[in-house]
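Starting from the given sequences, assemble the full structure and let the hints guide the process.
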Amino acid sequence: MAETPGDLFLPRLLPLQEFFAEGNRGCQGCGAALVMRQVLKAAGPDTIVCNATGCMEIISSPYPETAWRIPWIHVAFENAAAVAAGVDSGIKVLRRKGRYHDRRINVVAVAGDGGTADIGLQALSGALERYHDFTYVCYDNEAYMNTGIQRSSSTPYGASTTTSPSGRESIGQKTQKKNLPMIVAAHEIPYLATACPSFPLDLMDKARRAFETVGPTYLHILAPCPTGWRHASDLTIEMGRLAVETGAFPLYAVVDGKLELSMKMDRRKPIIDYLKPQGRFRHLKEEDVEEIQSRVDENYERLLRRAELDAGG
Amino acid sequence: MGERVGLEVSLAVSEAVKLARAEVIAAYPITPQTHIVEELSQMVADGDLDAEYIIVESEHSAMSACCGAAAVGARTFTATASQGLALMHEVLFIASGLRLPVVMAVANRALSAPLSIWGDQSDVMSERDSGWIQLFAETGQEALDLTIQAFKIAEDKRVLLPTEVNIDGFTLSHVVEPIEIPGQEEVDSFLPPYEPQVILDPEKPVTMGPVGFPEVYTEIKKQQNEALLGSYEVILEVWDRFAESFGRAYRPIEHYRTEDAEILINMAGAMSGTARIAVDMMREEGKKVGLIRTRLWRPYPFDEIRNAVKGAKAVAVVDRALSFGGQGGPMCSELRSALYPLTEKPVVTGYIAGLGGRDITVENFQTIVEDTEGVLTDGPREEYKMIGVRE
Amino acid sequence: MAEDKPNWREYPMAATIHSPGSATDQNTGDWKSMRPERDSAKCDKCGICWIFCPDAALYMTEEGYYEVDLYHCKGCGICAHECRKEAIRMVEEGE
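Here the protein sequences line up with chains A, B and C, keeping their order. Just so we're aligned, residue 1 is where the first sequence starts under my numbering, counting upward by one. Just so we're aligned, residue 1 is where the second sequence starts under my numbering, counting upward by one. Just so we're aligned, residue 1 is where the third sequence starts under my numbering, counting upward by one.
Treat each hint with caution, since some may be false.
A few chain C residues that face chain B, going by a derived Cβ cut-off under 7 Å, partial list only [claimed, not checked]:
#1 W8
#2 Y11
#3 M13
#4 A15
#5 T16
#6 I17
#7 H18
#8 P20
#9 A41
Beta-carbon label-pair distances, calculated as ranges [what the hints assert, rightly or not]:
#10 S153/A x P192/B: 41 to 51 Å
#11 Y59/C x G98/A: 36 to 46 Å
#12 K97/A x N7/C: 37 to 47 Å
#13 I55/B x P45/A: 23 to 33 Å
#14 S40/C x P15/A: 21 to 31 Å
#15 Y217/B x R230/A: 42 to 52 Å
#16 E212/A x N7/C: 41 to 51 Å
#17 S33/C x S153/A: 29 to 39 Å
#18 I55/B x A185/A: 19 to 29 Å
Hints listed in this document are in silico derivations from the structure and should not be mistaken for laboratory results. All C-beta atoms in this analysis are idealised placements derived from N, C-alpha and C, irrespective of residue type, glycine included.
Right, here's the structure in full:
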């Protein structure tokens, strides 16, 4: 459930322990680092992270510094889900033989949008289909940020990146953002949700639910990126909030196949509010913004209808 | 005491994995490895092997899952060939860099293009630098034995490196041979459960696979290389222990009729069986020919090779793989390099044979020896010779 | 200086890091050009600044206020921007 004004004081009730340490090399105002921090608070110490190559891996593990206060392994770029599958299976068999802890340990695969929507999609699909007991966390900063802001299939339409730059002949990203949560939903897993660090209680609730659910679960979390989205570093949270409030990044969960909206917004803020502060959209003309607005509206209406259908049954 | 049966070699490898009590198997099917993984699946399905079988969606994921499983302390196994091995490429280097004792059987098969499902050694030769311990089997017995040994070598605290057992695709993997299957108790006492040194454990959090800046990368690679070089002693030890327990002795290089040999033939894998017949025939003709078969490929057995060629006039190396645009045969170029520092060394001639499953015949070996004799009298004519190609 | 650096034997195997959270050694606070300054009078201890800090660079004092860990704070300004009571403002380093 997303925050209401009365929730303002609830952050004080959140667990204090930090599993993603200060001193990490994330940029100033890094949305993804905040995502990791919040997610791990919900996960607790009995957590193993299998991290794909990318921002969160690079900024957290420059030998001999590690930001991780939980066991963590990095293998390669496209295989966070496959490594997690191995960890899950390894723990299963070792537990049977009495060689690993009996209590619930969260096996978590972590990857960016690049490592999930593009190069990692196959491994993710395989691990979901095989029904491993793990949670996949995709922090979505909407491009290959770590290598210099190159586009991914999760980059939104019209965004300028270094490999889909806006130019005299181009609007930037020419295709629509790949709908990862729905691709995951098609695997018919017990639980998946979208979340945003600007709504921390909602995020941590969903994270906890994902960890506690036995079977494959998925969290798709928006990670605003001042460096790549080209906005001031203090606007990270505001960008996340606007993404949600305009409908650009709707918050919902799919629980055993039924879609539940986290915030039902019959009226949403205009998309221009979200696009304007970001340099990656600066080149867009009025008609581009209109096109984006109608697409956002269409997508959101579709979600509303699906949520109604799933609730009514 | 073991039970002697006629068994397809692939299935003997599965038997070895079962006896070794592998705990996580992550595998993807590819000809000609399929019988290995199918048999393992059945063993797990019947409860004969208490393991988690991850039926992965690609070989890249197979090796990745093995890394994850090994990282929590499970004994892991996979098998592949050709394109599958090539697809695993980057993860092979990572597995050895992370010092994870994964064991893998490779049913050696040619690499595309064009597509070939038939055997040659180009797949494994393309992974020479991966940091894995690499062994070649000639017989079905060896395939079983090396697989059991592989776990013991890989998991040794002084080693902790992934280990690969190569069996020639079809010519070894699919033949039925008489094989002695050791008893479970004997294998258990030879190979106790895996005792990992460092694992992913919430009680002792570690960060595995960090970023290695230039200041540290070289030292870590040195560390890894020293472990691979140092595994040589451990391999010899394991082979001694194996001989004690099971009565079969193994050495890095196998010798056949080498005592007074003037020309030696060197190769790896199942073609040695044919070579041996050719050696016998040529000996009948009065030729002083011998065979040295490479069993241990990585770490490279420098001393053994240098000793093995002492006194010979020539070594003809037969590679079942071709390194395009270069020296031709990988084994040949490595042998030449190994001999380079010696003041007295034999002539080394290189031959490529059996690519893409083409038969290597007794006649081929006779041709090879004749050609080498020619080189001894007239000097070298070419960098290397491709045997049996229609010109 | 090559002398202070470990030799190849001294590194943990595979460069695995055995000290969780050793990143805290890194003085990321050095990065900032602006730093947050708190006005306790305006602060209602809601915790928003704390939960929105990407660097966990705020910590709760005994009285329940949130102090900034200047050694790690990168000066992104999120806390100042999000505080509903305007109890935090960013000031130039050196002021």
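Structure-based check of all given hints:
1. W8: For W8/C, the interface hint holds, since the closest Cβ of chain B sits about 4 Å away, which is under 7 Å.
2. Y11: It holds, given that the least Cβ distance between Y11/C and chain B is near 6 Å, below 7 Å.
3. M13: holds, 5 Å
4. A15: Result: holds, 5 Å to nearest chain B Cβ.
5. T16: holds, 5 Å
6. I17: This hint holds: I17/C lies near chain B, its Cβ roughly 4 Å from the closest one there, short of 7 Å.
7. H18: Holds. Min distance 6 Å.
8. P20: It holds, given that the least Cβ distance between P20/C and chain B is near 4 Å, below 7 Å.
9. A41: With a minimum Cβ separation of about 41 Å from chain B (threshold 7 Å), the hint on A41/C is violated.
10. S153/A x P192/B: 41 to 51 Å: With a Cβ separation near 48 Å, S153/A and P192/B satisfy 41 to 51 Å, so the hint holds.
11. Y59/C x G98/A: 36 to 46 Å: holds, 40 Å
12. K97/A x N7/C: 37 to 47 Å: holds, 39 Å
13. I55/B x P45/A: 23 to 33 Å: holds, 32 Å
14. S40/C x P15/A: 21 to 31 Å: Holds: the Cβ-Cβ distance is about 24 Å, inside 21 to 31 Å.
15. Y217/B x R230/A: 42 to 52 Å: Once the Cβ atoms are compared, 33 Å apart, the range 42 to 52 Å for R230/A and Y217/B is violated.
16. E212/A x N7/C: 41 to 51 Å: holds, 46 Å
17. S33/C x S153/A: 29 to 39 Å: holds, 36 Å
18. I55/B x A185/A: 19 to 29 Å: About 23 Å separates the Cβ atoms of I55/B and A185/A, which means 19 to 29 Å holds.
Hint check: violations occur at hints 9 and 15; the rest are consistent with the structure.
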